[in-house]
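Chemist: Just so you know, the sequences run in chain order U and L. Here the numbering used here is used: the first residue of the first sequence is 1, the next is one more, and so on. Here the numbering used here is used: the first residue of the second sequence is 485, the next is one more, and so on.
One or more hints might be untrue.
As the list claims (entries may be wrong) - What the simulated footprint calls covered on chain U by chain L, stretch by stretch (three residues with Cβ under 8 Å from a Cβ of chain L suffice, anywhere in the stretch; the number is not a length):
1) 7-16
2) 345-355
3) 368-382
4) 398-409
As the list claims (entries may be wrong) - Computed list of lysine-lysine pairs in DSS-like fashion (alpha-carbon distance at most 30 Å, straight line):
5) U:K21 to U:K381
6) U:K96 to L:K497
7) L:K548 to U:K279
8) U:K238 to L:K497
9) L:K497 to U:K415
To be verified - Okay, the calculated beta carbon distance ranges per label pair:
10) L:I562 to U:R58: 30 to 36 Å
11) U:R325 to L:A517: 36 to 42 Å
12) U:E22 to L:V545: 33 to 39 Å
13) U:D51 to L:R569: 26 to 32 Å
14) L:I562 to U:E298: 53 to 59 Å
15) U:K238 to L:P556: 15 to 21 Å
16) U:E298 to L:P505: 49 to 55 Å
These aren't lab readings, by the way, just hints derived from the structure by calculation. We put the CB at the ideal spot given by N, CA and C, even for glycine.
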Amino acid sequence: MNSMDVSNLTVRQLSDMMKNKEASSEEIVGAYLEAARGRNENLNALLEISDSALDAARQIDQRLAKGEQLGALAGIPVALKDNICVQGWIATAGSKILENYKASYNATVVERLRDAGAVFIGRANCDEFAMGSSTENSHFGPAKNPWDTSRVPGGSSGGSAAAVAAGFAPAALGSDTGGSIRQPAALCGVTGLKPTYGRVSRYGLIALASSLDQIGPFARTVEDAAMIMSAIEGEDPKDATSSDAYEAYVPELGKSDIVGMKIGVPKEYFVDGMDADVKRVVMDAIKRLEDGGAEIREISLPHTQYALATYYIIQPAEASSNLGRFDGMRYGFSANGSDLVSTYEQTRGEGFGPEVRRRIMLGTYTLSKGYYDAYYRKALKVRALIRKDFDDAFSQVDAIAAPTSPSVAWKIGEKFNDPLAMYLADIYTISANLAGIPAVSMPCGFAHDMPVGLQLMTKHFAEPTLYRLGMHYQAVTDWHTKTP
Amino acid sequence: MALTNEEVLHIAKLARLQIDPEELDTYRDQLVAILGYVAKLQEVDTTGAAEAVRGVFDTNVFRKDEIEGCGPDVRGRIIEAFPRRQGDLLEVQAVFSTEGGSASGGQDRDE
Numbered sequence: 001m002n003s004m005d006v007s008n009l010t011v012r013q014l015s016d017m018m019k020n021k022e023a024s025s026e027e028i029v030g031a032y033l034e035a036a037r038g039r040n041e042n043l044n045a046l047l048e049i050s051d052s053a054l055d056a057a058r059q060i061d062q063r064l065a066k067g068e069q070l071g072a073l074a075g076i077p078v079a080l081k082d083n084i085c086v087q088g089w090i091a092t093a094g095s096k097i098l099e100n101y102k103a104s105y106n107a108t109v110v111e112r113l114r115d116a117g118a119v120f121i122g123r124a125n126c127d128e129f130a131m132g133s134s135t136e137n138s139h140f141g142p143a144k145n146p147w148d149t150s151r152v153p154g155g156s157s158g159g160s161a162a163a164v165a166a167g168f169a170p171a172a173l174g175s176d177t178g179g180s181i182r183q184p185a186a187l188c189g190v191t192g193l194k195p196t197y198g199r200v201s202r203y204g205l206i207a208l209a210s211s212l213d214q215i216g217p218f219a220r221t222v223e224d225a226a227m228i229m230s231a232i233e234g235e236d237p238k239d240a241t242s243s244d245a246y247e248a249y250v251p252e253l254g255k256s257d258i259v260g261m262k263i264g265v266p267k268e269y270f271v272d273g274m275d276a277d278v279k280r281v282v283m284d285a286i287k288r289l290e291d292g293g294a295e296i297r298e299i300s301l302p303h304t305q306y307a308l309a310t311y312y313i314i315q316p317a318e319a320s321s322n323l324g325r326f327d328g329m330r331y332g333f334s335a336n337g338s339d340l341v342s343t344y345e346q347t348r349g350e351g352f353g354p355e356v357r358r359r360i361m362l363g364t365y366t367l368s369k370g371y372y373d374a375y376y377r378k379a380l381k382v383r384a385l386i387r388k389d390f391d392d393a394f395s396q397v398d399a400i401a402a403p404t405s406p407s408v409a410w411k412i413g414e415k416f417n418d419p420l421a422m423y424l425a426d427i428y429t430i431s432a433n434l435a436g437i438p439a440v441s442m443p444c445g446f447a448h449d450m451p452v453g454l455q456l457m458t459k460h461f462a463e464p465t466l467y468r469l470g471m472h473y474q475a476v477t478d479w480h481t482k483t484p
Numbered sequence: 485m486a487l488t489n490e491e492v493l494h495i496a497k498l499a500r501l502q503i504d505p506e507e508l509d510t511y512r513d514q515l516v517a518i519l520g521y522v523a524k525l526q527e528v529d530t531t532g533a534a535e536a537v538r539g540v541f542d543t544n545v546f547r548k549d550e551i552e553g554c555g556p557d558v559r560g561r562i563i564e565a566f567p568r569r570q571g572d573l574l575e576v577q578a579v580f581s582t583e584g585g586s587a588s589g590g591q592d593r594d595e
């Protein structure tokens with residue numbers, strides 16, 4: 001079925017098409033593979049397009065033909081950020097040091113998606129070890145924004161976002177440590193959800209900063225993201241921080257209105273430095289929620305201005321510790337030094353790119369003797385204050401609305417040599433990671449001809465609040481249906 | 485916030501990272517800029533604030549100290565990934581020198 005245009009279809013629509021025998025998984029997966037093979041070279045969104053996807057799709061078709069009851073994701077193609085392990089697949093995390101590393105086991109999310117019948121269509125490009133906001137730090141070359149290939153797709157899960165925006169897959173998984181799902185979702189005009197810390201198992205995710213990392217979905221709609229979440233979420237004995245203390249998604253949410261829901265707009269998020277057109281588009285989106293019956297009120301998150309600094313102490317500190325495992329001894333790239341220490345130093349010096357080395361040094365410094373209290377311990381205390389800001393806010397409102405990114409996608413190369421400018425791109429997203437709360441970004445219009453994202457946040461484990469608001473917004477607007 | 489090239493080299497040594505000499509100035513300037521930015525946390529009054537090591541749970545999770553092991557397939561794949569091996573054994577370079585030289589693996593652990 002070569003004529004099938006899949007670029008704008010949702011997981012829900014594809015699932016219904018299969019249920020109604022209008023299309024098989026083989027046809028659906030084949031159509032996405034064709035799109036990816038045709039245009040990925042230009043976008044570099046996928047590092048590898050799976051050559052086993054069609055076989056997997058045929059197997060799903062056969063199981064369905066036998067009358068097996070599979071879930072709503074059966075036969076649906078999904079792209080995976082290349083820091084999520086699929087047994088037998090290369091898993092690079094965008095790094096030279098893992099260029100030839102084959103994962104020896106499956107991530108829990110991979111097991112769960114496979115159990116749900118999803119078909120993995122390829123490995124998505126990302127910033128090296130998820131460090132970056134533009135996917136320019138990938139060892140395998142930058143991914144490009146499908147709306148304008150001279151611009152970045154955001155990052156670090158830029159390949160996943162670009163793959164969904166370009167119609168290479170209706171959904172993808174990414175990971176979000178400081179905005180790495182939401183920001184590329186905003187910059188590529190798709191929906192991206194960072195779940196509550198602990199809602200999704202991190203087992204099999206190549207770690208960046210373990211107290212901040214969380215796997216989550218990219219999709220065209222909030223409903224699709226919720227469907228993916230239903231498959232991947234839940235407690236996992238292999239991740240001690242995973243939890244089943246959450247409200248689950250129920251399809252009826254899509255029919256409920258948002259009358260009387262209280263939405264806070266933090267005054268600290270609409271400050272100088274924000275693109276005026278982005279601000280206007282986001283304010284218009286908040287107005288649409290108000291039109292739907294939500295009550296909008298200004299709130300304060302007083303420690304917002306310290307979130308980025310807190311993050312850039314805690315995250316590099318955890319990263320420097322997590323990345324200690326890449327020493328050339330057990331797997332991955334290994335240099336031949338004259339002795340053990342020089343093997344370590346050469347392996348890591350040659351295997352890690354500039355941004356990863358920079359953050360390892362930063363983290364090593366802030367954790368070193370004489371600096372730990374001034375930097376790391378201080379940051380943990382400010383983190384507690386940031387968390388309290390959100391606790392206080394959620395005693396007054398159900399959700400918080402904010403921009404996802406202070407600007408639209410920028411030109412490739414524009415911020416590459418100025419790490420601090422790159423870090424500032426995360427200013428609206430990192431607080432949710434520090435506080436562990438869930439947040440979603442969804443398309444809400446355009447500025448400078450590029451997509452803009454509206455971010456909604458809520459309290460721990462209350463993702464259905466985001467689903468309800470998001471599904472309402474996408475019922476009354478059509479920004480999420482736009483394609484490049 | 486000032487940082488000398490020697491300090492940058494010392495950090496790189498602690499982190500077991502080889503740094504090219506021509507990269508030193510760039511790393512120094514970038515680290516100084518970032519450390520200068522994060523220093524703004526010193527303004528915050530954190531008297532009485534707890535230390536939040538994560539966003540959600542403040543309780544520890546315990547489990548029984550039982551060995552579960554892994555299947556032979558996983559074991560085989562892990563061994564296959566070794567950069568150097570002898571049979572099923574992981575081959576590494578000596579941690580301690582045998583010729584009266586200095587130990588090479590355990591320096592700086594306290595820093």
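Chemist: Give a verdict on every hint.
Modeler: Cross-check of the supplied hints:
1. 7-16: violated (count 0)
2. 345-355: Per the Cβ count (7), the hint holds.
3. 368-382: holds (count 10)
4. 398-409: violated (count 0)
5. U:K21 to U:K381: violated, 56 Å
6. U:K96 to L:K497: Given pair K96 of chain U, K497 of chain L holds - Cα atoms ~21 Å apart, limit 30 Å.
7. L:K548 to U:K279: Roughly 52 Å separates the two Cα atoms, so the pair is violated.
8. U:K238 to L:K497: Violated - the C-alpha atoms of K497 of chain L and K238 of chain U are around 34 Å apart, more than 30 Å.
9. L:K497 to U:K415: OK: K497 of chain L and K415 of chain U at ~28 Å, within 30 Å.
10. L:I562 to U:R58: 30 to 36 Å: Given about 31 Å between the Cβ atoms, the range holds.
11. U:R325 to L:A517: 36 to 42 Å: violated, 29 Å
12. U:E22 to L:V545: 33 to 39 Å: violated, 46 Å
13. U:D51 to L:R569: 26 to 32 Å: The hinted range 26 to 32 Å holds for D51 of chain U and R569 of chain L, with Cβ atoms some 29 Å apart.
14. L:I562 to U:E298: 53 to 59 Å: holds, 54 Å
15. U:K238 to L:P556: 15 to 21 Å: Holds, at about 19 Å.
16. U:E298 to L:P505: 49 to 55 Å: Because 53 Å falls inside the window, the suggested range holds.
Violation of the numbered hints given earlier is confined to hints 1, 4, 5, 7, 8, 11, 12; the remaining hints are satisfied by the structure.
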